[in-house]
Amino acid sequence: MPAVVEIRELVRTYRTRRKAEETVALGGVTLTVDDSEVLGLLGPNGAGKTTLVKILSTVLLPTSGTARVLGKDLVSAPQTVRENVGVVFGGERGLYPRISARQNLAFWAALYRLDRRTAQNRCSELLERMGLADRADEPVETFSRGMKQRLHLARGLIHGPRILFLDEPTTGMDPVAARDFRALVRELRQEGRTVFLTTHDMAEAEALCDRVTLIDHGRLVLDEPTRHIGRYLDARECVDFTCDDPAVLAQVPELAFVESVEPRDGGHRALLREPADVARLLVWLIERGVLSARRSEPTLEDVYLRLIGTRAMSV
Amino acid sequence: MNSPSSLGTSSPGTGWLRLGHQSLLFSIAEMRTVHTWRTWLFGWVARLLTQVTFFALIGKFVANDATMQFVLVGNIVALSCLESMIVVLTMAGERRLGTLPLLAIAPTSHVPVYLGRGLHWLASGIASSVIGWLVLPPLLGVPLPWPEALPAVAMILLVAVSCYCYGCFLAGLAVRYRSLQVIVLNLGYLPIMAFCGVNVPISFWPAWLQPVLHLFPLTNGLQAIRAVLAGGTWSEVWPKLALEALVGIGWFALATVSINRVVTKGRADGSLEFGS
Numbered sequence: 001m002p003a004v005v006e007i008r009e010l011v012r013t014y015r016t017r018r019k020a021e022e023t024v025a026l027g028g029v030t031l032t033v034d035d036s037e038v039l040g041l042l043g044p045n046g047a048g049k050t051t052l053v054k055i056l057s058t059v060l061l062p063t064s065g066t067a068r069v070l071g072k073d074l075v076s077a078p079q080t081v082r083e084n085v086g087v088v089f090g091g092e093r094g095l096y097p098r099i100s101a102r103q104n105l106a107f108w109a110a111l112y113r114l115d116r117r118t119a120q121n122r123c124s125e126l127l128e129r130m131g132l133a134d135r136a137d138e139p140v141e142t143f144s145r146g147m148k149q150r151l152h153l154a155r156g157l158i159h160g161p162r163i164l165f166l167d168e169p170t171t172g173m174d175p176v177a178a179r180d181f182r183a184l185v186r187e188l189r190q191e192g193r194t195v196f197l198t199t200h201d202m203a204e205a206e207a208l209c210d211r212v213t214l215i216d217h218g219r220l221v222l223d224e225p226t227r228h229i230g231r232y233l234d235a236r237e238c239v240d241f242t243c244d245d246p247a248v249l250a251q252v253p254e255l256a257f258v259e260s261v262e263p264r265d266g267g268h269r270a271l272l273r274e275p276a277d278v279a280r281l282l283v284w285l286i287e288r289g290v291l292s293a294r295r296s297e298p299t300l301e302d303v304y305l306r307l308i309g310t311r312a313m314s315v
Numbered sequence: 001m002n003s004p005s006s007l008g009t010s011s012p013g014t015g016w017l018r019l020g021h022q023s024l025l026f027s028i029a030e031m032r033t034v035h036t037w038r039t040w041l042f043g044w045v046a047r048l049l050t051q052v053t054f055f056a057l058i059g060k061f062v063a064n065d066a067t068m069q070f071v072l073v074g075n076i077v078a079l080s081c082l083e084s085m086i087v088v089l090t091m092a093g094e095r096r097l098g099t100l101p102l103l104a105i106a107p108t109s110h111v112p113v114y115l116g117r118g119l120h121w122l123a124s125g126i127a128s129s130v131i132g133w134l135v136l137p138p139l140l141g142v143p144l145p146w147p148e149a150l151p152a153v154a155m156i157l158l159v160a161v162s163c164y165c166y167g168c169f170l171a172g173l174a175v176r177y178r179s180l181q182v183i184v185l186n187l188g189y190l191p192i193m194a195f196c197g198v199n200v201p202i203s204f205w206p207a208w209l210q211p212v213l214h215l216f217p218l219t220n221g222l223q224a225i226r227a228v229l230a231g232g233t234w235s236e237v238w239p240k241l242a243l244e245a246l247v248g249i250g251w252f253a254l255a256t257v258s259i260n261r262v263v264t265k266g267r268a269d270g271s272l273e274f275g276s
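Protein sequence lines, in the order shown, are assigned to chains A and B. Under my numbering, residues 1 to 315 are what the first sequence spells out, in order. Under my numbering, residues 1 to 276 are what the second sequence spells out, in order.
Heads up, a few of these hints could be off.
[Unchecked claim] To list a few chain B residues with every Cβ distance to chain A over 12 Å, as calculated:
1. HIS21
2. PHE26
3. ARG38
4. PHE55
5. GLY98
6. THR99
7. ILE105
8. GLY141
9. LEU173
10. LEU187
11. GLY188
12. TRP205
13. HIS214
14. GLU236
15. ILE249
16. GLY270
[Claimed, not checked] Pair by pair, the computed Cβ-Cβ distance ranges are:
17. B:LEU180 <-> A:ASN45: 27 to 37 Å
18. B:THR264 <-> A:GLU138: 49 to 59 Å
19. B:LEU187 <-> A:SER76: 35 to 45 Å
20. B:VAL200 <-> A:ALA133: 31 to 41 Å
21. A:GLY71 <-> B:THR264: 46 to 56 Å
22. A:PRO97 <-> B:TRP238: 20 to 30 Å
23. A:ALA133 <-> B:THR36: 46 to 56 Å
24. A:GLU138 <-> B:PRO147: 44 to 54 Å
25. B:SER179 <-> A:SER292: 53 to 63 Å
26. A:GLY172 <-> B:ASN260: 44 to 54 Å
27. B:ILE183 <-> A:SER76: 46 to 56 Å
Quick caveat, the hints were computed from the structure, so don't treat them as lab data. For every residue, glycine included, the Cβ atom is placed at its ideal position computed from N, Cα and C.
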């Protein structure tokens, strides 16, 4: 597949007024994104995800390095880039709350130079597709969070962009609204759009993304197809178990073939040193009366926690 | 649904006019969510006319009917300026709404959008002034000379547009310094109300200050209106109107620079925040 985004040694630094020292938001990121790919950008707060999205959408200039979107340099040819990218961020902001959804879209259609007829058709199509047609002429301030987010997506799609940046789009959504929103993102990929998704939701990234890129301290620490993500834990396997006996629970991390134990979904997850250790641990647990235990594989969350550790809590 | 391959349906010929029109429609729609014609007329305009009446009565109290008419005319025209300058708050609101970065990365120039965002205040200001022009003088017993007072209505429009351009320039500052938006509006409006001939003639102020006051909107236009009411000749009035128009154009140019600066500086220093 041809690359639609090519980033080479991208650096962005900030110098705040109060602090004389320079803060590195991106410290030399190199990344290539293929056509029709859904790329998950993961990382703790302040890691540099949003900075990268801001640069790629031409909101922010890089300090050094290059980035090309559809072959165009985003510093020297920002206008061409802008015609081909859409930006959707999560939250209440980015919409005009007092006017209707249709008026919001019509306004952005004019900004993206759609002629009147095309604009009207696109607004109607998008409102229908996002399930907002029945409320299209009501003020946006009366919408639920999920409806506003779908309108955000419609706004981002009004000009038919090849590349879409979704910056934590499901933040604060209820589970049903988030599920519906993810279904829309899957449809976008099927249409051939390239999607950048920044999220803190590991399950969301695992479900939606073809590839995940993990950023920390402004540097790439992982860039892998989602299906191969377990490699980063050296193909080690896990056992999920539920144990009410504190004495047994305390012994598990001490076992020679167990690397670590951590709380998980009301129970615990033991990460093993070798795949063959799964059977040994299951037998060990059953012998001690633990009957709720099963083999599992490392998830993206495991990889994230392993690579980022507890830093996410410190920022 | 618009697919990536359907990008070619954009029409690059769409320009400032279309955007200005869309911004106006947008502004009217926004205005209609705040006011019905009844609340606008009996709430908003009535309150403004009461304020004008208050200042006019002070003129009568401290001096005579002529002073009252001077203050009345000045304050009625100043209404169009006052309302036009509310564009400062409307434009500053783009940052609060989180739409600023989205406007900045739209392929069309953001300048007409920003300039068009407060057009409803311009229209409201002109309407308020014209209503005041028609209603207050006879009501307060100082009727204006007709038909001389008729062309003044068109001059109010010029003053309002000039003040709107000045407001757009201030808005460029207010967008940058969010916490100062109300201060910027009031500090921008203060010299106009205090020094530009609304309540006292500019000849009242020190000689060194008077040329500076001609650089503000309203000063020259208000002088033209007063000249018309006094039965002045058109050769006396036109230069003042031309100067008012020039001042407006100057502030428009500065507004364009000011607004562009918000975006170029924001791209450089990262002050265009998503969702901020």
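Status of the hints after comparison with the structure:
With a least CB separation of 8 Å from chain A, HIS21 (chain B) falls inside the 12 Å interface cut-off, contrary to its annotation. Residue-level check failed: PHE26 (chain B) sits 5 Å from the nearest beta carbon of chain A, not beyond 12 Å. The beta carbon of ARG38 (chain B) sits about 19 Å from the closest Cβ of chain A, which is more than 12 Å, so the claim that it is off the interface holds. Under the 12 Å C-beta cut-off, the non-interface status given to PHE55 (chain B) relative to chain A holds; the minimum distance is some 32 Å.
Non-interface call for GLY98 (chain B) relative to chain A: violated, since the shortest CB-CB distance, roughly 3 Å, does not exceed 12 Å. Distance check on THR99 (chain B): its Cβ comes as close as 6 Å (rounded) to a Cβ of chain A, failing to clear the 12 Å threshold; non-interface status is violated. Remark: the non-interface label on ILE105 (chain B) conflicts with the geometry, its nearest Cβ contact in chain A lying 5 Å away (cut-off 12 Å). The Cβ of GLY141 (chain B) lies farther than 12 Å from every Cβ of chain A, with a closest approach of about 41 Å, so its non-interface assignment holds.
A cut-off of 12 Å between C-beta atoms confirms that LEU173 (chain B) is not in contact with chain A; the least separation is 18 Å. In this structure LEU187 (chain B) is separated from chain A by more than 12 Å, as the shortest Cβ-Cβ distance comes to about 23 Å. At roughly 25 Å from the closest C-beta of chain A, the C-beta of GLY188 (chain B) stays outside 12 Å, upholding its exclusion from the interface. Every C-beta of chain A lies more than 12 Å from that of TRP205 (chain B), the closest at about 38 Å, which supports listing it as non-interface.
A cut-off of 12 Å between C-beta atoms confirms that HIS214 (chain B) is not in contact with chain A; the least separation is 37 Å. The non-interface label for GLU236 (chain B) is consistent with chain A: the shortest C-beta to C-beta separation is roughly 44 Å, beyond 12 Å. Under the 12 Å C-beta cut-off, the non-interface status given to ILE249 (chain B) relative to chain A holds; the minimum distance is some 25 Å. A beta-carbon of chain A is positioned within 12 Å of the beta-carbon of GLY270 (chain B); the least distance is around 6 Å.
Taking the beta carbon of each, LEU180 (chain B) and ASN45 (chain A) are about 28 Å apart, inside 27 to 37 Å as hinted. For THR264 (chain B) and GLU138 (chain A), the hinted distance range of 49 to 59 Å is not satisfied, since their beta carbons lie about 37 Å from each other. Taking the beta carbon of each, LEU187 (chain B) and SER76 (chain A) are about 40 Å apart, inside 35 to 45 Å as hinted. A hinted range of 31 to 41 Å for the beta carbons of VAL200 (chain B) and ALA133 (chain A) is inconsistent with their spacing of about 59 Å.
In this structure the hint that GLY71 (chain A) and THR264 (chain B) lie 46 to 56 Å apart at CB is violated, the actual value being about 25 Å. Hint check: PRO97 (chain A) to TRP238 (chain B), Cβ distance near 46 Å, so the stated range 20 to 30 Å is violated. The beta-carbon spacing between ALA133 (chain A) and THR36 (chain B), approximately 27 Å, falls outside the hinted interval of 46 to 56 Å. Our hint of 44 to 54 Å for GLU138 (chain A) and PRO147 (chain B) holds, since their Cβ atoms are close to 48 Å apart.
Checked against the hint of 53 to 63 Å, the pair SER179 (chain B) and SER292 (chain A) passes, with Cβ atoms roughly 56 Å apart. Distance hint check for GLY172 (chain A) and ASN260 (chain B): the Cβ-Cβ separation is about 34 Å, which falls outside the suggested range of 44 to 54 Å. About 39 Å separates the C-beta atoms of ILE183 (chain B) and SER76 (chain A), a value inconsistent with the hinted range of 46 to 56 Å.
In terms of the numbered hints stated before, the structure departs from hints 1, 2, 5, 6, 7, 16, 18, 20, 21, 22, 23, 26 and 27, listed from lowest to highest.
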